[in-house]
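Dock chain B with the ligands against the given chain A, drawing on the hints supplied.
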Amino acid sequence: MSIRMPIAEVYRTSSVDDALAFLAEHPGARPLAGGTDLLVELRTRWGGPLVGKPGGAQGADGGGGADLSPASLLDISGLPELRDIRADGRKLVIGACARVAEVASSPQVAAAAPTLAQAAGSVGSVQIRNRATLGGNIMNASPAADSLPALAVHEAVCVLRSQRGGERRLRLGELVTGPYCTCARPDELLVAVELEGGSGWRQSYMRLGRRQAMTIARLIVAVLMRFEGSTVADVRISAGAAFPSPRRIEPAERALLGAPFSRAAAREAGEAAAEEMVRVCGIRWSTRYKQPVLAALVERAVRQCAAKEGLDEWPE
Amino acid sequence: MARVTLTVNDRQVTLDVHPGERLVDTLRDRLGLTGTKEGCGVGECGACTVVVDGDAVNSCLVLTVQCDGAAILTVEGLAPAGQLSRLQRAFLEHGAVQCGFCTPGMLMSATALLARNPRPTREEIRAALAGNLCRCTGYEQIVQAVEAVANEAE
Ligand SMILES: Cc1cc2nc3c(=O)[nH]c(=O)nc-3n(C[C@H](O)[C@H](O)[C@H](O)COP(=O)(O)OP(=O)(O)OC[C@H]3O[C@@H](n4cnc5c(N)ncnc54)[C@H](O)[C@@H]3O)c2cc1C
Ligand code: FES
Ligand code: FES
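Top to bottom, those sequences are chains A and B. Going letter by letter, the first sequence gives residues 1 to 316 in the numbering used here. Going letter by letter, the second sequence gives residues 1001 to 1154 in the numbering used here.
With the rest of the complex left out, here is chain A:
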């Protein structure tokens, strides 16, 4: 007998306009991209094996894991309009349905935002990356999603579209409001993500998991730095699996900005990042592990950027 998922309908669409019209007419429908989060969530709801994810994704129906009625899905995975990756001057524009594998191997992404390429290459397995989309990674809004810290340091702007409201552009930190929560309306699709690329950045992306492949990150750090001589002219620091929603960690950036690079300043930035995490999240069961490890990771990522500029030895 066939094992079936609790799905009442899958609407197949051939254009973004048609997709938006469907969402406008079917308020409970949820977009299906790669399905690597959504189909796991539906299967778990149906009574399949439980996987360790708190609550399940808050999707367009806002219902999360408790809703037992069969879902109505809008399949957007085949829309070529949403799969484009292109450089537009200094801006990098990535379609929401670009596969994570495509983001990982795109020469445009490698040139403008190598941290994002590395983040995409860290997701799941080959099989997962071949289906998973960048838009799905954002809209699922897991605090441990690999792309989010990399997008945060690149000041990503998320482009949403609906039939009723036209286009809305939100910064990543505005769109993702908390763990598994976004402020997108049920009739809105994420269509693209725009990043500030630009040369001259030294970049570092670090990720800790229980093993190298197929594990959700326990901590992620992304750092961009620009130097003028030995002075830190610009710096952006973000962390994943550390905060409820994606953000830059300003106290850590302030420890470095405008001053000559030093190892002491790198250590200070790490400590400031860890303190900020505790200030925002409070003390939790994981704090004893995460506080020193986040401090060490930020320090190391900053030193890696400095080492790439020839201002420090490569930190082991």
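Think of the hints as simulated: they come from the structure by calculation, not from any bench. Given the structure is predicted, the values throughout are model-derived calculations rather than measurements. Note that beta-carbon positions come from the ideal geometry of N, C-alpha and C, so glycine has one too. Careful, some of the hints might be misleading.
[What the hints assert, rightly or not] One side only, chain A facing chain B, incomplete, derived with CB under 8 Å:
hint: 1; residue: A8
hint: 2; residue: V40
hint: 3; residue: R43
hint: 4; residue: V126
hint: 5; residue: I128
[Unchecked claim] The following label-pair restraints were derived from C-beta to C-beta distances:
hint: 6; chain 1: A; residue 1: D234; chain 2: B; residue 2: R1003; range: 47 to 57 Å
hint: 7; chain 1: A; residue 1: V278; chain 2: B; residue 2: L1084; range: 56 to 66 Å
hint: 8; chain 1: B; residue 1: A1115; chain 2: A; residue 2: P251; range: 45 to 55 Å
hint: 9; chain 1: B; residue 1: E1154; chain 2: A; residue 2: R185; range: 50 to 60 Å
hint: 10; chain 1: B; residue 1: A1081; chain 2: A; residue 2: A21; range: 41 to 51 Å
hint: 11; chain 1: B; residue 1: R1086; chain 2: A; residue 2: E250; range: 53 to 63 Å
hint: 12; chain 1: B; residue 1: T1121; chain 2: A; residue 2: G200; range: 27 to 37 Å
hint: 13; chain 1: B; residue 1: T1121; chain 2: A; residue 2: P80; range: 28 to 38 Å
hint: 14; chain 1: B; residue 1: A1153; chain 2: A; residue 2: G121; range: 22 to 32 Å
hint: 15; chain 1: A; residue 1: S105; chain 2: B; residue 2: E1154; range: 18 to 28 Å
hint: 16; chain 1: B; residue 1: T1014; chain 2: A; residue 2: D18; range: 45 to 55 Å
hint: 17; chain 1: B; residue 1: T1005; chain 2: A; residue 2: A8; range: 18 to 28 Å
hint: 18; chain 1: A; residue 1: R83; chain 2: B; residue 2: A1115; range: 17 to 27 Å
hint: 19; chain 1: A; residue 1: D18; chain 2: B; residue 2: Q1012; range: 25 to 35 Å
[To be verified] Covered stretches of chain A (chain B as the covering partner; in silico rule of three or more C-beta atoms under 8 Å from a C-beta of chain B):
hint: 20; segment: 9-17
hint: 21; segment: 69-81
Just chain B with the ligands, lined up with the frame of chain A:
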């Protein structure tokens, strides 16, 4: 019900499928292609790996309605006339098969890799197989089998 047309192991089939039917269900229950295994059902183990339009994917996380028009290769397609492929023979020669439950998925991940990159490094082989779990062999023999085929490539 939705009508889909798939090309499975070079044979075209048209089916009416339930919207909630997964590709692994269609292959095993409707088409009798039980070489593809289901382990975890949630993308973690790779036992259900098949190749869709050239890409290795978990057939437990793909709906059949999403595959309309796609070309699908399963483990049965590696030996269409009962003749094992070079990769399958290498698995046997290197002792890469014990209980065999992971083997179809391993073969499909490795087949997709070799089609794209005929001479992968050991690291590339390990990365390509990272989404396939094996509880018997300890992986070494599997990597060696893929390496053996890679070393023969032009
Ligand atoms: C075994 C396994 C391992 C994984 N490992 C990792 C990992 O290491 N790192 C990581 O970050 N993630 C991991 N994931 C999670 C998942 O693969 C990613 O989050 C993926 O990017 C989700 O994309 P998708 O296209 O599959 O999303 P889907 O499952 O299709 O959708 C996810 C959610 O976003 C909504 N959505 C999707 N696209 C849009 C859009 N364009 N507009 C509006 N809403 C949209 C959907 O309605 C749904 O609520 C893993 C998952 C599995 C099963
Ligand atoms: S059964 Fe599909 S990955 Fe385990
Ligand atoms: S041979 Fe038994 S699981 Fe791999």
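Each hint, compared with the structure:
{"no.": "1", "hint": "A8", "in the structure": "7 Å, holds"}
{"no.": "2", "hint": "V40", "in the structure": "5 Å, holds"}
{"no.": "3", "hint": "R43", "in the structure": "6 Å, holds"}
{"no.": "4", "hint": "V126", "in the structure": "6 Å, holds"}
{"no.": "5", "hint": "I128", "in the structure": "6 Å, holds"}
{"no.": "6", "hint": "D234/A <-> R1003/B: 47 to 57 Å", "in the structure": "55 Å, holds"}
{"no.": "7", "hint": "V278/A <-> L1084/B: 56 to 66 Å", "in the structure": "58 Å, holds"}
{"no.": "8", "hint": "A1115/B <-> P251/A: 45 to 55 Å", "in the structure": "49 Å, holds"}
{"no.": "9", "hint": "E1154/B <-> R185/A: 50 to 60 Å", "in the structure": "55 Å, holds"}
{"no.": "10", "hint": "A1081/B <-> A21/A: 41 to 51 Å", "in the structure": "49 Å, holds"}
{"no.": "11", "hint": "R1086/B <-> E250/A: 53 to 63 Å", "in the structure": "57 Å, holds"}
{"no.": "12", "hint": "T1121/B <-> G200/A: 27 to 37 Å", "in the structure": "32 Å, holds"}
{"no.": "13", "hint": "T1121/B <-> P80/A: 28 to 38 Å", "in the structure": "33 Å, holds"}
{"no.": "14", "hint": "A1153/B <-> G121/A: 22 to 32 Å", "in the structure": "24 Å, holds"}
{"no.": "15", "hint": "S105/A <-> E1154/B: 18 to 28 Å", "in the structure": "24 Å, holds"}
{"no.": "16", "hint": "T1014/B <-> D18/A: 45 to 55 Å", "in the structure": "24 Å, violated"}
{"no.": "17", "hint": "T1005/B <-> A8/A: 18 to 28 Å", "in the structure": "23 Å, holds"}
{"no.": "18", "hint": "R83/A <-> A1115/B: 17 to 27 Å", "in the structure": "21 Å, holds"}
{"no.": "19", "hint": "D18/A <-> Q1012/B: 25 to 35 Å", "in the structure": "27 Å, holds"}
{"no.": "20", "hint": "9-17", "in the structure": "holds (count 3)"}
{"no.": "21", "hint": "69-81", "in the structure": "holds (count 5)"}
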